[in-house]
Amino acid sequence: MFNIAYRMLGSVAEAEDVVQDAFLRWHGADQSKIATPPAWLTKVVTNLCLTRLSSARARREQYVGPWLPEPVPTADGALGPLETVEQRELVSLGVLVVLERLTPPERAVFVLREAFGHQHREIAEILDIDEAHSRQLHSRARRHVADARKRFPADRARHEEIVRRFLDATLRGDVKGLEQFLADDVVSWADGGGKVTAARRPIVGKAKVLRYMLGFQRRPELKEISAEIAEINGQPAWVLSWNHMTAVFVAEMEGERVAALRAILNPDKLRAVTNWRPV
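Numbering (full-length UniProt numbering) for the sequence shown: 1 to 279.
Hints should not be assumed to be uniformly reliable.
Dumping the calculated SDA-like pairs for lysine to any residue here, alpha-carbon to alpha-carbon at most 25 Å [said to hold, decoys possible]:
no., residue 1, residue 2
1, Lys176, Pro153
2, Lys176, Ala259
3, Lys176, Glu160
4, Lys33, Met1
5, Lys206, Glu160
6, Lys150, Leu178
7, Lys150, Arg218
8, Lys195, Ala58
9, Lys176, Ile129
10, Lys208, Gln136
11, Lys43, Lys176
12, Lys195, Ser55
13, Lys150, Gln136
14, Lys206, Ala259
15, Lys176, Arg151
16, Lys176, Leu210
17, Lys176, Ser55
18, Lys176, Val97
19, Lys195, Met245
20, Lys43, Leu178
21, Lys195, Gly215
22, Lys33, Lys43
23, Lys208, Gly65
24, Lys150, Asp184
25, Lys43, Met1
26, Lys43, Gln31
27, Lys176, Ile126
28, Lys150, Glu254
29, Lys43, Gln20
30, Lys195, Pro81
31, Lys208, His244
32, Lys206, Gly255
33, Lys43, Val97
34, Lys176, Ala199
35, Lys176, Arg218
Honestly, the hints are just simulated from the structure, not real lab data.
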């Protein structure tokens, strides 16, 4: 239930709330009349998420700076099996960001079909729509997500190697090293939520992102930073800690170069990461 809710909402806290609400409904229902409990719970969770998504869009329009999904450490199976490229890409921050642009029904159909393998007949029953409509929603959602899925490297070891070298170049202030990793049209997003200093607009282009990364390297707290590579949402990412603060940086690849950099600094979104490791 949590795995469905997180993929639908992109928020650990909201996903946990949905699971709690679903259990309350389960305990309040006449369970003797529920023929298939997993199907019943899937329907309840999905519809609770649809209700939340309808109000979430308005809240996120008022969010300070770019809104990014909450990162989740996944090496311990927190989001279920992530053994294939397809399974990992479906929980990647890049794909979750694109899912935010879908309508709530499109997102529900996409998650249920792509991540959990439900047939359109089952999805139609969950959403109270006909099967043809489910197929249409799925087709539209797949078109929107296609570009984000192309950016997920198949070679996991090579991806991690590039992320490690990119982190090393950043911490050393290696200009030439950073230049070789950044795509010409690279874009950097930072989610501070108004609670931590962060760029409130995307930084676009190699030159500007390079200056941003070098500026980060010159910050005095860098001397106190603890840095490591961890699996976050199915892909290698930086986890940085300093002065009881934590930040997660996820590099989205296009070939051998970083095409997008997503930084989550809002402490409200890092509970799953800070609980996973001592800070």
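To see whether the hints hold, each was checked on the structure:
The straight-line distance between the Cα atoms of Lys176 and Pro153 is roughly 23 Å, inside the 25 Å bound, and the hint therefore holds. Pair hint Lys176 plus Ala259 holds up; C-alpha atoms about 17 Å apart against a cutoff of 25 Å. Taken as a hint, the Lys176 and Glu160 pair is honoured in the structure, with Cα atoms around 20 Å apart against an allowance of 25 Å. Under the criterion of a C-alpha separation no larger than 25 Å, the hint pairing Lys33 with Met1 is consistent with the structure, at around 20 Å.
For the hint linking Lys206 to Glu160, the alpha-carbon distance of about 21 Å falls within 25 Å, and the restraint holds. Proposed proximity of Lys150 and Leu178 is supported: the alpha carbons are some 23 Å apart, at most 25 Å. The suggested pairing of Lys150 with Arg218 is violated, with an alpha-carbon distance near 34 Å, which exceeds 25 Å. With a CA separation close to 20 Å, the supplied pair Lys195 and Ala58 stays within the 25 Å bound.
With a C-alpha separation of about 55 Å, the suggested pairing of Lys176 with Ile129 is violated against the 25 Å cut-off. In summary, the hint linking Lys208 to Gln136 is not supported, as the alpha carbons are separated by about 40 Å, beyond the 25 Å threshold. Distance check on the hinted pair: Lys43 and Lys176 sit about 52 Å apart at the alpha-carbon level, beyond 25 Å; violated. Of the pairs offered as hints, the one joining Lys195 and Ser55 holds, with about 22 Å between alpha carbons and a cut-off of 25 Å not exceeded.
Using a Cα cut-off of 25 Å, the hinted pair Lys150 and Gln136 holds, with the two alpha carbons roughly 22 Å apart. At most 25 Å may separate the alpha-carbon atoms for a hinted pair to count; Lys206 and Ala259 meet this at roughly 9 Å. For the hint pairing Lys176 with Arg151, the CA-to-CA distance comes to about 24 Å; that is within 25 Å, so the pair holds. The suggested pairing of Lys176 with Leu210 holds, with an alpha-carbon distance near 10 Å, which does not exceed 25 Å.
At most 25 Å may separate the alpha-carbon atoms for a hinted pair to count; Lys176 and Ser55 exceed this at roughly 45 Å. Restraint check for Lys176 and Val97: not satisfied, since their Cα atoms lie roughly 30 Å apart, outside the 25 Å limit. Annotation: proposed proximity of Lys195 to Met245 holds, straight-line Cα distance about 12 Å (limit 25 Å). Between Lys43 and Leu178 the alpha-carbon distance is near 47 Å, which puts this suggested pair outside the 25 Å criterion.
Distance restraint check for Lys195 and Gly215: the Cα-Cα separation of roughly 20 Å lies within the 25 Å cut-off, and the hinted pair is therefore satisfied. Of the supplied pair hints, the one linking Lys33 and Lys43 holds, its CA atoms being roughly 15 Å apart against a limit of 25 Å. The hinted pair formed by Lys208 and Gly65 meets the criterion: a straight-line CA distance of about 18 Å does not exceed 25 Å. For a cut-off of 25 Å, the pair hint linking Lys150 to Asp184 stands: about 18 Å separates their Cα positions.
Restraint check: the Cα-Cα separation between Lys43 and Met1 comes to about 10 Å, which is no more than 25 Å; the hinted pair holds. With a C-alpha separation of about 15 Å, the suggested pairing of Lys43 with Gln31 holds against the 25 Å cut-off. Simply put, Lys176 and Ile126 have alpha-carbon atoms about 53 Å apart, too far for the 25 Å limit, and the pair is violated. Of the pairs offered as hints, the one joining Lys150 and Glu254 holds, with about 8 Å between alpha carbons and a cut-off of 25 Å not exceeded.
Restraint check: the Cα-Cα separation between Lys43 and Gln20 comes to about 14 Å, which is no more than 25 Å; the hinted pair holds. Between Lys195 and Pro81 the CA atoms are separated by roughly 33 Å; this puts the pair beyond 25 Å, and the hint is violated. At most 25 Å may separate the alpha-carbon atoms for a hinted pair to count; Lys208 and His244 exceed this at roughly 29 Å. Annotation: proposed proximity of Lys206 to Gly255 holds, straight-line Cα distance about 16 Å (limit 25 Å).
The straight-line distance between the Cα atoms of Lys43 and Val97 is roughly 24 Å, inside the 25 Å bound, and the hint therefore holds. Under the criterion of a C-alpha separation no larger than 25 Å, the hint pairing Lys176 with Ala199 is consistent with the structure, at around 24 Å. Taken as a hint, the Lys176 and Arg218 pair is honoured in the structure, with Cα atoms around 16 Å apart against an allowance of 25 Å.
Going through the hint list in order, the structure does not satisfy hints 7, 9, 10, 11, 17, 18, 20, 27, 30, 31.
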